[in-house]
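**Q** For the protein sequence lines, the chains are A and B, in the order given. Mapping of the first sequence onto our numbering: residues 849 to 1478, in sequence order. Mapping of the second sequence onto our numbering: residues 126 to 284, in sequence order.
No lab work stands behind these hints, which were simulated from the structure alone. Quick caveat: nothing in here was measured; it's all calculated off a predicted structure. One or more of the hints may lead you astray.
[Claimed, not checked] Pair ranges (Cβ atoms, derived):
#: 1; chain 1: A; residue 1: 1068; chain 2: B; residue 2: 164; range: 45 to 53 Å
#: 2; chain 1: B; residue 1: 164; chain 2: A; residue 2: 1297; range: 56 to 64 Å
#: 3; chain 1: A; residue 1: 1342; chain 2: B; residue 2: 187; range: 19 to 27 Å
Built from N, CA and C at the ideal position, the CB exists for glycine as well.
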Amino acid sequence: MSAPRLIPAEVIALIFTTLAPKDLYRCMLVSRLWHEVAEARLYSNVTLNSSFQSHDLLVQAVKTRKCLLRRVEWISNNDHRVLTADLLDILFDYRPDEPIDPFRFSNDNETKTTSPLAQLVFPHGPDCPALMHFSFSGGNERWQFLDSVLYSLTTLTTLNLAFPDDGGAIERLYLVDMERILTTFPRLKELSIVGWRHFYPRKAAVALEGRDETTGPRVQHCLESFTFDAALGCSQEPPQFGFFRRLGNLKKVTIMSEYFDYENSCSRRPWALGRTLRQYCPKLESIDVKGSVEFWLFDLPILPSDQIRHITALVEETLSTNQSDFSVDLEQEMTGEDEARLIKQLQEQEVGELLKGRTAEPFFPQLKTLLLGKDHWLSAQDLLSLGVQAQFLTRLEVRFPVVQSSRPWDVYERRAPAAAMRATHSSIPTIDTLVENRRLQKRRPFTTRDLKLFLQLCSSLRFLSLTGCSFSFEDLIDTSTTATTGTPVIQRWACEETLETLDVIFNIPATNPEAHRLVWKHLGRFSRLRSLTLSQSVLIPSFQYGVDGLLEGQMGKSLEEIRQLPEWWKEQDRRQLMLWFARNFARLRILGMKHIDDVVDGQRRDTLSEFLDDEEVKQCSIRHVFIEDK
Amino acid sequence: MTVILVSSDNQDFKVDKEVAERSILIKNMLEDVGESDSPIPLPNVTAAVLTKVIEYCEHHRNDPIQVPEETDDPRKRSNDIEEWDMKFMQVDQEMLFEIILAANYLDIKPLLDVGCKTVANIIKGKTPEEIRKAFNIVNDFTPEEEAQIKKENEWAEDR
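With the rest of the complex left out, here is chain B (with noise of 0.2 Å):
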């Protein structure tokens, strides 16, 4: 069974009913409205991030739902991030924070997770400069405020 998802830009997408229903936003929505056919209008999200979130839930249509307690098994704990999810994630940085957000809508937790992994190794290791370098973020603090935050927060330089 296939639905029709809308992106903002007013594009539909055909996709399969089982890829559709990784996204629990959707799922829901498909149990409230029954057996209609109508599609699915998700206003925040644009087509191509729509595109990229389709293809990684086509990828991963058929890992068991996580739930919670069951991930309990050490392997499955690790930070590393699979090869092709990694391939994936590789965007300009500005598909990465909408490929984020857009998994936050439409609350799709492990593209999620691996979006918000994939932000955390690139601020690993880096010093603000280069943070806000990489990110291209104004620094919009006085050199006193950014004194006294270090003073007080030097401790965890060593932890």
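So here's chain A without its partners, still in its complex pose (with noise of 0.2 Å):
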């Protein structure tokens, strides 16, 4: 039998996607064809890194296959020298007579000539491809070398540069030039820049701002992913997001916290983040926020003074239902009562306008994914604007609480100072700070209340997660039809037909198994749910509690993973229920659960092995069960 032998080499390439480099290397003593593929395969993708075992081998090896390199990621570190001269010529074919000293390389930036080594640009002839793919990672390295390499290789399709805090001295940073790097590398897809040790040039942002308002339109660069600091545009000075405009056809933006002056800018300016990508980048499908970052998804805008008459009409009616003999004087201040009454009014009334759409203007319009990390800041208005615009929608991460200091929230547009000031600076709430909050329409952070709106108007989400805030019985309920029909119903949720992917947590005391019966219900309605996450949720998994809820629709047919049931488990349940969920749900093949020792009279007993041993649990169709000890 030959059948390898039949094999189209693409196949066999493919075949090689999963190998690791010690199994390619084996494959290559197998045979010639085999040899071939695999060879391309394992020097397409090299890894400089001097303080490798092996290393100097890898750079051999290398140096007599230029030819097949596509991607290089160079990790720097101290031993430098070596590296230097093997790097031009792996890259470069630039073998020169005297060894090369990196210091001699001039710093290009400001005079932006090019570097020496621009010339060799194909060093190994026309029929070779360029190289695509560039990754460096390091700290110690000597930045005018770094970027003599780096600005040589303009037919870059994928760029990634890393300045972890390696505990050097901090002076040595990374200059950034953003313009630089979107004009050598016109074919540039993917652009990534992270890490502490980088800052961004400021004064050539000013000039650049000035050259913008003059010159016509702009060529749009064809970068579709970006990954970057959020420092980039938050500290006081011009806004250096300039090069932004060119970023017309950016897909994908990730967004880090790391950079190390962060907490030092004294003066934020978060919606300028929000609002540069808003206005340049409308092709963006995807946002993913990591760690701590202000970025403001919806602009608020300024009422003007015209329409806040309604407002204070709203605020005087309020008081003259207290008032009896007083006069009415938008000055004096509120009890607690009304004024926490009044506040619910004006955000029932902004929930109204949200929902209309009056007050957004559109944004992101074709955004699928948006996650947020850590210290997110998304906002009510937020929340409900993206469920009525994003139609789009698939993927939403929302893992972590939204930050509740109140620091944040206070943060006004920068036009408006007086109004900021006297907001921000008094303590005791007048009523014309709230009528001036309204005005400036101060964003606050979201609640269950808006995350159930939410849920009501956005159909086509994918994939949710929800793990940042916990739905009590009350904020499921659909008020409406349980105040006409007495009985509590929950309020459906638009994306019952889509959804494929839940991690909730539900919390629904245990007093009340009416309760649980009706949200395992609800659970059911997901007709397309594959994967299942209650991991911290109290909602109980047993019959008695109605979990046979589940099968109310189609869910029987899709499921295939519950990465967690919520815990309480009693012994006799916890088999049961485990055969149960395999004989009802086909596709099922991960069931995750807690783990509680019983205590059976008076001593604790380790049922989990008996559970384990049972001949019908190791049988059934389930095959990956986890336990998690509590």
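Could you use the hints to bring the two separately framed chains together as a complex?
**A** Written out as structure tokens, the structure is:
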């Protein structure tokens, strides 16, 4: 039988895609055909790190196979003198007679002259495809050398620069020149600049702004994915976003917050980043915010004074219901109750307006993915506008609770300094303050009520992860239907037909089994659900509490994994429940549950091993059961 | 609606249109041909292999069509092969490679992926001699060539 010889090389290459270098090496020794394919695969992606074992052998091997290189990763460390010569040889066929001193490469940033290596752009001949992916990671390198190498690789489509904190001196930071990057790499599709030890020039940005006003429409760069640090635009200096005007093709952004000076930026401009992206990058499909980044999705406009008359009227009305003999005076302080009631009314009004889409300007029409990390500041207004406008939103992850401290929520538009000062510096809320707040439409953190509204609106969701907040039973109820019929009914979510992955937290008290029954039934409505995670929920998986409500809809045919069932196991229930799951959910392969040792006759019994040894449990179709120890 | 597929050894297979369209090649053919009822010839696929391919497509008929940018879900990116697929791929080697070739020709990416992963799993961890034995491959290197290859590429053993 000679089957493998009939297989075309491209299919063999596909087989090799998941193999590690070790296995590829062994494949190279199998036969000539395999050798050819495996070698191409092995040498297409090379990591140069002089602290690796057998690094020298690798370098020797690569030097004779430069044509195969597609991706080079350079991990810099202290031994740069050795690597310098190797890099120049591998990337540019540059073998000068005397050893290269990396200090001799001049800093070209100011004068923008091309580096001495630029004429060697196609060093290996026109038939040899040029390098497409380049990654650099390090902190101790001489930046001039990095720049000389970097700016000569003009054919790149992917560039990753990482400047991790390695405890070195703080002065030696890498200067990122975005304009130069965009100009030098016309084919760049993916750019990532992360790490602590880099910064952006300020002078260049100012000059850029001036230039932009006068020249005509700019040619759009083809960059599609950009990972950068939020500090790029949050300082007090004039905006450094000039280059975003050329990034109209951007589809994906990832915003980090590792920049060392971030905390020291005294006067933040949190609207700047969101506004810039909204204005210049209409094709944006994916936003991933990692870490503590003030990213405002939605720009709240300032209400002109003629629109606040109805607010003033509302305030007057609220006050007059309480006042009897005193004349209504807008400047007087309100009682706590009045204030609370008024705030609530103003918020309701705002929600109503948002739902009608009136106050929102269109933003990110193509948005499909939104991922928010720790310390995010997603506001209620953002969330509701997202629900109303984002027709293609398929993935939303809000894994952490929203920041509650008052400082980020008190930041106003820079254009309204007087109001801002008055509003934030007064500790006693006067009516004037409330009206001003409303006029400036202060952002506020979202609540589960806003989430409920959002879930009624957003019908395209496929992946939803909302572990930053928990739903109580009251949060889930459809208040209007419940009021008319008298029995509680859970509000339907708009994404019931489309949702495939769900990770939420329900918090239903154990004293109300009917509530649990309703929630399980509600979960059952998701007809295409494949993955369910309820790890931190207080929701009891037991027949007395209605877990069979999960079979309400079509989920029996589609559910593939339950990452984590909520806690609460009685020993006899566990086995019965698992078998029930195995029998009713044809595709279920993964079941996760928490384990609690049972106390029988006053002693702890390890029932876990009995459970796992049970014949029926072993035979059932659920392949992976993982048990988390309490 | 059903379509008729004809294998290289002239056997007819009636399948639902939805199932047949898991193959992009067939899907495109159907779009070009339009409303016509004529059977679709597949000269590169024998009946035995076609049976297996149809079995796969039937089982996965309801799977969402994988769009590259939407498989961003980290759970979907795992290298695990589904239970059913694993059992499905437990065939003799000749059939395994025939399925891969058929999936390549018919452009059924998920089946091609599963097939390639299955073969890759067979390769992993084996020495060259073991690999040759597993796939009945003849060693066409001279000993000098082998030594040379080892010398130059040995760095990869550590990665």
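**Q** I want to verify a distance hint. Is the separation of the beta carbons of residue 164(B) and residue 1297(A) within 56 to 64 Å?
**A** The hinted range 56 to 64 Å holds for residue 164(B) and residue 1297(A), with Cβ atoms some 59 Å apart.
**Q** With 19 to 27 Å as the target window, see if residue 1342(A) and residue 187(B) comply at their CB atoms.
**A** Once the Cβ atoms are compared, 22 Å apart, the range 19 to 27 Å for residue 187(B) and residue 1342(A) holds.
**Q** Honestly, do residue 1068(A) and residue 164(B) meet the 45 to 53 Å range at C-beta?
**A** holds, 49 Å
Figure legend: structure checked against the earlier numbered hints; every hint is met.
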